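Visitor: The primary structure of each chain is shown beneath.
Protein chains: 2
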Amino acid sequence: MFNEKMYALGSKRSIIREIFEYCKTRGAQIGSDKVFDFSIGNPSVEPPKEIEETICDLLKNESPVLLHGYTSAQGDFGTREAIANDINARFGTSLTPNSIYMTCGAAASLTISLRALLNSGEECIVFAPFFTEYRVFIENAGGKVVVSKPQEKTFQIDTADFESKISESTKAVIMNSPNNPSGVVYSEETISAVCEILKRKEKEYGHPIYLIADEPYRELVFDETPVPYLMNYYDDTIVCYSYSKALSLPGERIGYIAVSPKMEDSVNVYLAVCGAGRSLGYVCAPSLFQQVIKKCVGAKVDVNVYKENRDILYGALTEYGYECVHPDGAFYLFVKALEDDAYKFFERAKEKEILVVPCDDFGVSGYVRIAYCVDKKRIVNALPAFKALAEEYKK
Amino acid sequence: MFNEKMYALGSKRSIIREIFEYCKTRGAQIGSDKVFDFSIGNPSVEPPKEIEETICDLLKNESPVLLHGYTSAQGDFGTREAIANDINARFGTSLTPNSIYMTCGAAASLTISLRALLNSGEECIVFAPFFTEYRVFIENAGGKVVVSKPQEKTFQIDTADFESKISESTKAVIMNSPNNPSGVVYSEETISAVCEILKRKEKEYGHPIYLIADEPYRELVFDETPVPYLMNYYDDTIVCYSYSKALSLPGERIGYIAVSPKMEDSVNVYLAVCGAGRSLGYVCAPSLFQQVIKKCVGAKVDVNVYKENRDILYGALTEYGYECVHPDGAFYLFVKALEDDAYKFFERAKEKEILVVPCDDFGVSGYVRIAYCVDKKRIVNALPAFKALAEEYKK
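Here the protein sequences come in this chain order: A and B. According to this note's numbering, the first sequence is numbered sequentially starting from 198. According to this note's numbering, the second sequence is numbered sequentially starting from 198.
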């Protein structure tokens with residue numbers, strides 16, 4: 198009687214939620230330090246000190262009526278200006294405050310962008326492995342999901358497969374680098390190739406194909422791996438950003454959409470973004486954190502903590518015989534299950550108190566995601582269990 | 198090429214936005230204290246002192262990783278528990294934490310509820326005058342807006358008209374009391390009559406008709422006017438609440454949905470709400486303010502400031518000959534324009550530097566809304582201009 202699709206979405210078995218509940222129960226039985234939970238992508242590094250200091254300063258010095266008041270729907274002008282200037286300084290772009298629309302985080306950035314761009318029945322291409330919620334967001338916008346397969350082992354984009362998936366109905370493409378769940382950063386070579394194909398296809402079909410850059414992990418890269426800024430490669434680009442991972446503020450729901458000013462119809466696409474935000478009920482992004490971002494636009498979390506975790510875990514797992522792409526960013530390892538069925542592997546890991554996420558819903562079967570945004574101690578303590586698990590499979 | 202509907206929504210002329218821009222320009226010309234802006238419903242009373250104290254305490258005493266981390270999608274359990282207990286204590290209901298779903302404010306509460314309840318083409322009845330965005334939210338959910346006319350002068354619901362508007366396709370009804378833009382609080386008599394009709398029609402059509410109580414102004418009432426709690430009159434009720442006005446935190450985007458546990462299909466409707474929130478990109482409500490609400494669930498702004506403003510303005514305007522329903526809540530006066538065309542009246546008021554909102558888009562023509570959530574000085578200073586305007590029309 199109510200909306201069945203929404204009911205299905207709300208009641209669907211979620212493996213991550215199940216693991217979460219299991220952890221609580223199991224932790225109570227054997228002690229939470231004995232359960233090695235690697236299932237959740239919740240930042241483990243503290244937000245930069247400036248964040249707390251800035252909140253306290255704002256509370257002390259600003260009028261509370263203004264500080265907690267509505268901003269304009271697209272966001273505080275000064276905040277948008279600070280962000281545009283920061284992006285321009287880092288990537289040589291020419292954004293203005295009117296290229297930026299403040300959002301309640303990455304999911305909002307994506308749902309708003311997709312709603313602004315897609316018409317009913319149009320297609321949106323995603324690159325496997327991909328964040329599972331893309332499917333939900335694209336379908337909410339009335340669109341159809343088209344999955345492009347990755348290259349084996351490297352998990353870079355397979356450009357030939359990508360080209361074959363583009364059709365007259367393709368309206369948008371979502372690219373997520375550094376990637377959840379693989380940790381892979383797409384190379385400049387990959388990106389150039391993708392953008393060349395897109396330009397050619399735009400000409401062939403005579404309409405824009407928008408490239409949505411989903412970049413919550415942009416700042417989480419190691420060993421100075423470059424993360425090319427997509428607007429510099431392709432004019433019809435919209436960047437969906439979030440401070441959830443960059444500043445360890447995932448619960449505060451603060452991010453933005455940046456519409457490339459080089460897009461032919463940039464002003465009108467921005468207006469469609471405003472309309473989509475309005476129709477989805479996003480009145481404005483949280484006001485206190487808009488002010489925080491204005492003052493902390495250059496702040497950074499300590500990425501070395503994640504890098505150290507990655508090095509320990511990647512080093513040990515590959516030594517034990519696990520097969521795994523070397524991740525240059527984000528905080529995930531994408532590990533080949535030791536049997537074909539990732540769910541069966543998940544169950545056997547669970548017997549060793551290791552909790553990882555089977556990745557079939559991410560568009561690649563036979564793999565699990567290990568989120569290493571956890572205390573180093575948990576990783577070190579889990580290594581013998583990972584080793585024992587690998588040895589069991591060798592028997 | 199992109200979504201034309203979203204573009205139309207984003208680029209549509211908005212009278213309130215235009216007034217906002219005009220104010221800035223005009224204020225620069227003649228001094229902002231000479232422009233009497235009554236167009237915006239932005240609380241003018243400071244948040245209760247506990248809010249700032251609680252934020253500072255939380256920053257000092259909680260782990261920042263937890264404080265700013267994701268909560269579950271439906272919200273922090275303790276926050277939901279505090280809210281359920283507070284509602285139960287005030288209204289004798291039997292809500293549990295699992296009746297409450299935390300949201301990013303009233304607009305999110307409404308878009309999520311409508312998406313959860315409506316199927317494509319189903320109807321949602323709104324009572325004129327109504328908040329203009331209802332139309333946007335209902336249409337985004339695929340629904341059709343059906344407007345029920347008010348009683349003349351009192352602006353209570355015309356129950357005969359309401360009954361005539363219900364059809365087999367009616368899935369939901371939105372009731373907003375205290376009302377934006379009229380300031381009217383629906384009487385218990387009105388509510389009982391509406392609920393009796395709904396019960397009868399549910400039986401007649403053999404399916405639920407959901408009553409959505411949009412209550413951001415619940416706490417802003419004067420002279421102890423009772424605001425009946427709709428769940429106590431009708432089982433198929435969903436309350437959409439926001440702390441924007443109650444605690445003067447409109448920019449922070451924090452509110453909730455409460456699904457009546459007496460609803461026959463309560464658990465499943467709650468799951469549909471969860472699914473709708475997910476599909477619209479609402480990952481969780483802002484985490485810091487969820488904690489603030491948990492600790493400040495009984496806090497209140499000083500409503501007497503609004504009451505004093507109302508008394509001054511209502512007293513003076515009716516003395517000058519304006520016709521206006523006596524508002525018992527919210528912070529709006531709903532004033533009959535002194536000519537048939539509210540836009541023409543708006544223009545003549547503007548010549549006297551008075552800025553009010555013509556209400557045609559609120560479903561009642563020939564009226565303007567005066568938001569008195571402003572500094573008392575602005576009201577006092579504007580009175581001679583209101584008087585002169587009325588006298589001009591008498592000539």
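These are calculated hints, taken from the structure and not from any lab test. Keep in mind the model is a prediction, meaning the values are calculated, not measured. Any given hint might turn out to be false.
It does not matter which identical chain is meant; a pair holds if it fits inside one copy or across any two.
Computed list of lysine to any residue pairs in SDA-like fashion (alpha-carbon distance at most 25 Å, straight line) [as the list claims (entries may be wrong)]:
| no. | residue 1 | residue 2 |
| --- | --- | --- |
| 1 | Lys574 | Ser291 |
| 2 | Lys533 | Leu514 |
| 3 | Lys497 | Leu256 |
| 4 | Lys504 | Ser211 |
| 5 | Lys398 | Lys504 |
Visitor: Decide, hint by hint, whether the structure agrees.
Guide: Each hint tested on the structure:
In this assembly of identical chains, Lys574 and Ser291 lie within 25 Å of each other by CA distance neither inside one copy nor across copies; the values are 44 Å within and 44 Å between. In this homomeric assembly, Lys533 and Leu514 come within 25 Å of each other (Cα to Cα) only inside a single copy, at 11 Å, whereas the closest approach across copies is 75 Å. Within a single copy, Lys497 and Leu256 get their C-alpha atoms as close as 22 Å, and across copies as close as 19 Å, so both meet the 25 Å cut-off. Within a single copy, Lys504 and Ser211 get their C-alpha atoms no closer than 29 Å, and across copies no closer than 49 Å, so neither meets the 25 Å cut-off.
Taking the shortest Cα distances, Lys398 and Lys504 never come within 25 Å of each other, neither inside one copy (39 Å) nor across copies (63 Å).
Violation of the numbered hints given earlier is confined to hints 1, 4, 5; the remaining hints are satisfied by the structure.
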